[in-house]
Amino acid sequence: MMAARFLRRSIPVLRQARCYADAPSGSSQMSFTFASPTQVYFKEASVKQVDVPTLTGAFGILPAHVPTLQVLRPGVVTVFNDDGSAAKFFVSSGSITVNADSSVQLLAEEAFPLDQLDVAAAKANLEKAQSEMASASDEAARAEAIVKALE
Amino acid sequence: MFARTSALVFLPQCQWHPIFPTPILVTIRLKSIKNIQKITKSMKMVAAAKYARAERQLKPARVYGNGAVALYEKAEIKAPEGVANKHLLIGVSSDRGLCGAVHSNVAKAIKAKIATLTGEGKEVMVVNVGDKLRNILFTLLTHSNYLLLSCKEVGRKPPTFTDASIVATELLNMGFEFDQGAVIYNRFRSVISYKTDEKPIFSIDTVANSENMGIYDDIDADVLRNYQEFALVNIIYFGLKESTTSEQSARMTAMDSASKNASEMIDKLTLTFNRTRQAVITKELIEIISGAAAL
Chain A
1 MMAARFLRRS
11 IPVLRQARCY
21 ADAPSGSSQM
31 SFTFASPTQV
41 YFKEASVKQV
51 DVPTLTGAFG
61 ILPAHVPTLQ
71 VLRPGVVTVF
81 NDDGSAAKFF
91 VSSGSITVNA
101 DSSVQLLAEE
111 AFPLDQLDVA
121 AAKANLEKAQ
131 SEMASASDEA
141 ARAEAIVKAL
151 E
Chain B
152 MFARTSALVF
162 LPQCQWHPIF
172 PTPILVTIRL
182 KSIKNIQKIT
192 KSMKMVAAAK
202 YARAERQLKP
212 ARVYGNGAVA
222 LYEKAEIKAP
232 EGVANKHLLI
242 GVSSDRGLCG
252 AVHSNVAKAI
262 KAKIATLTGE
272 GKEVMVVNVG
282 DKLRNILFTL
292 LTHSNYLLLS
302 CKEVGRKPPT
312 FTDASIVATE
322 LLNMGFEFDQ
332 GAVIYNRFRS
342 VISYKTDEKP
352 IFSIDTVANS
362 ENMGIYDDID
372 ADVLRNYQEF
382 ALVNIIYFGL
392 KESTTSEQSA
402 RMTAMDSASK
412 NASEMIDKLT
422 LTFNRTRQAV
432 ITKELIEIIS
442 GAAAL
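The listed protein sequences derive, respectively, from chains A and B. Going by the numbering used here, the residue at position 41 of the first sequence is 41; the numbering climbs one at a time, nothing skipped. One gets the numbering used here by counting positions in the second sequence from 1 and adding 151 to each.
Do not take every clue at face value.
Stated by the list, open to error - These stretches of chain A come out as covered by chain B in the derived footprint (C-beta under 8 Å, 3 or more residues): (1) 34-45; (2) 57-64.
Said to hold, decoys possible - Taking lysine-lysine and the DSSO-like style, the derived pairs with C-alpha atoms no more than 27 Å apart in a straight line are: (3) B:Lys225 x B:Lys346; (4) B:Lys308 x B:Lys189; (5) A:Lys43 x B:Lys346; (6) B:Lys195 x B:Lys210; (7) B:Lys225 x A:Lys48; (8) B:Lys195 x B:Lys303; (9) A:Lys48 x A:Lys88; (10) B:Lys273 x B:Lys259; (11) B:Lys229 x B:Lys264; (12) A:Lys48 x B:Lys210; (13) B:Lys303 x B:Lys237; (14) B:Lys259 x A:Lys43; (15) B:Lys259 x B:Lys229; (16) A:Lys43 x B:Lys210; (17) A:Lys88 x B:Lys210; (18) B:Lys411 x B:Lys182.
Keep in mind that the hints were calculated from the coordinates and are not lab data. No residue lacks a Cβ here, since even glycine has one placed at the ideal position from N, Cα and C.
All chains should be built: construct the whole structure from the sequences, respecting the hints.
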């Protein structure tokens, strides 16, 4: 927790006068909601940190992160719980919202816990999809191929 | 419909039913009502099974949908007042009937919104998901100039995220530059109740220019556009899920009351049948007895 405090990004929102949700008790907790259309993984849970892969790069989000909107890239989301354990999920795409009151909504189009993915099947699909990927120059098709590879 | 040559009898309890001249006609009617009762009972069971599944799928979908609109609520995004806005209404319903007032509630809400918005001089276009809505709203030429897009084949199978994304893609391809809008759907409250509700949708420009967006860091136009498109799909998906659950529960209730009405009719008709039968027998007996007495 000490290290997290050092690593926390500066919070411009506190310098602005028109900030709402200023309650100090609220900003030390992150209300984390992580869901796909068919399943909810975290609902307004309190977690320490969330690592997400976005189109503009990989983010680590801690409580009182500056508000932002991002779009996800296919990749692995890691959630660090309050007790220190980490849970990893593969997401195909989606969006993440960090609000001023430290609530985070991570909405994924498809999300699976990593231990549900079969490594051997994934490798076989990866080779098939990589040949597809070489021929598909379109970003979307590439993302699809990556998704299929890791499904 | 067989010819009813009988008179209507006004019973003291303020009910009425016709006197059938022969027991045969009563039997025919009784048989057809019993068949109808079988059909409504089985429809009720099918609707109950579909409702159970829809409600199970609704739980994660609700969390998902609430997460999607959280941004709009927390940042208090509003379209600029007073400007001639273009509105987009998405009405979510289904193709199938026999489910109570589900479709007409959504249609009423849409009609009311069209009336207020055109009264304020704003431009409105409507997207309807589900054929029943199209029948109610648009075949009567009164509102047909508001129709932007119509979607069918809704309601046979439970809606998926793919369905919602197809609707959103087609809608965005139509190129209607709306400023704000709403998704109108039936929000599921319990097995016996649902409420027509709406969730707001905003265009990219409205969100970008909204005053509270300044606190959100590191947003460029591309990211915002992707985010908005994804949010649109999420809201449509949420409306679809809630609508199907409300529709199945309404159909369950409607078929249940239809079965009850049918069994009431069956009871009354059975009594009538027995009375008619006994009347015929008594008449024959009287004829025989008076004939024998005449000898």
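Taking the hints in turn, this is what the structure says about them:
1. Closer than 8 Å: that is the beta-carbon criterion, and the region 34-45 of chain A has 7 residues meeting it against chain B, so the requirement of 3 holds.
2. Residues of the region 57-64 of chain A lying with their CB closer than 8 Å to a CB of chain B number 0, which falls below the three-residue condition for coverage.
3. A distance of roughly 24 Å separates the Cα atoms of Lys225 of chain B and Lys346 of chain B; the hinted pair therefore holds under the 27 Å criterion.
4. Only pairs whose Cα atoms come within 27 Å are accepted, and Lys308 of chain B paired with Lys189 of chain B is accepted, the gap being roughly 23 Å.
5. Our distance criterion of 27 Å between C-alpha atoms is met by Lys43 of chain A and Lys346 of chain B, whose separation comes to about 25 Å.
6. Using a Cα cut-off of 27 Å, the hinted pair Lys195 of chain B and Lys210 of chain B holds, with the two alpha carbons roughly 23 Å apart.
7. For the hint linking Lys225 of chain B to Lys48 of chain A, the alpha-carbon distance of about 22 Å falls within 27 Å, and the restraint holds.
8. Distance hint between Lys195 of chain B and Lys303 of chain B is fulfilled; the C-alpha atoms sit about 24 Å from each other, no more than 27 Å.
9. Straight-line distance between C-alpha atoms of Lys48 of chain A and Lys88 of chain A comes to about 14 Å, which keeps the hinted pair within the 27 Å bound.
10. Proposed proximity of Lys273 of chain B and Lys259 of chain B is supported: the alpha carbons are some 19 Å apart, at most 27 Å.
11. Using a Cα cut-off of 27 Å, the hinted pair Lys229 of chain B and Lys264 of chain B holds, with the two alpha carbons roughly 17 Å apart.
12. The straight-line distance between the Cα atoms of Lys48 of chain A and Lys210 of chain B is roughly 26 Å, inside the 27 Å bound, and the hint therefore holds.
13. Taking the CA atoms of Lys303 of chain B and Lys237 of chain B, the gap is about 25 Å. The hint holds against a cut of 27 Å.
14. Taken as a hint, the Lys259 of chain B and Lys43 of chain A pair is broken in the structure, with Cα atoms around 35 Å apart against an allowance of 27 Å.
15. Our distance criterion of 27 Å between C-alpha atoms is met by Lys259 of chain B and Lys229 of chain B, whose separation comes to about 25 Å.
16. About 11 Å separates the Cα atoms of Lys43 of chain A and Lys210 of chain B, which keeps this hinted pair within 27 Å; it holds.
17. Restraint check for Lys88 of chain A and Lys210 of chain B: the C-alpha separation of about 23 Å stays at or below 27 Å, so the hint holds.
18. Between the alpha carbons of Lys411 of chain B and Lys182 of chain B the distance comes to roughly 16 Å, so the proposed pair stays at or under 27 Å and holds.
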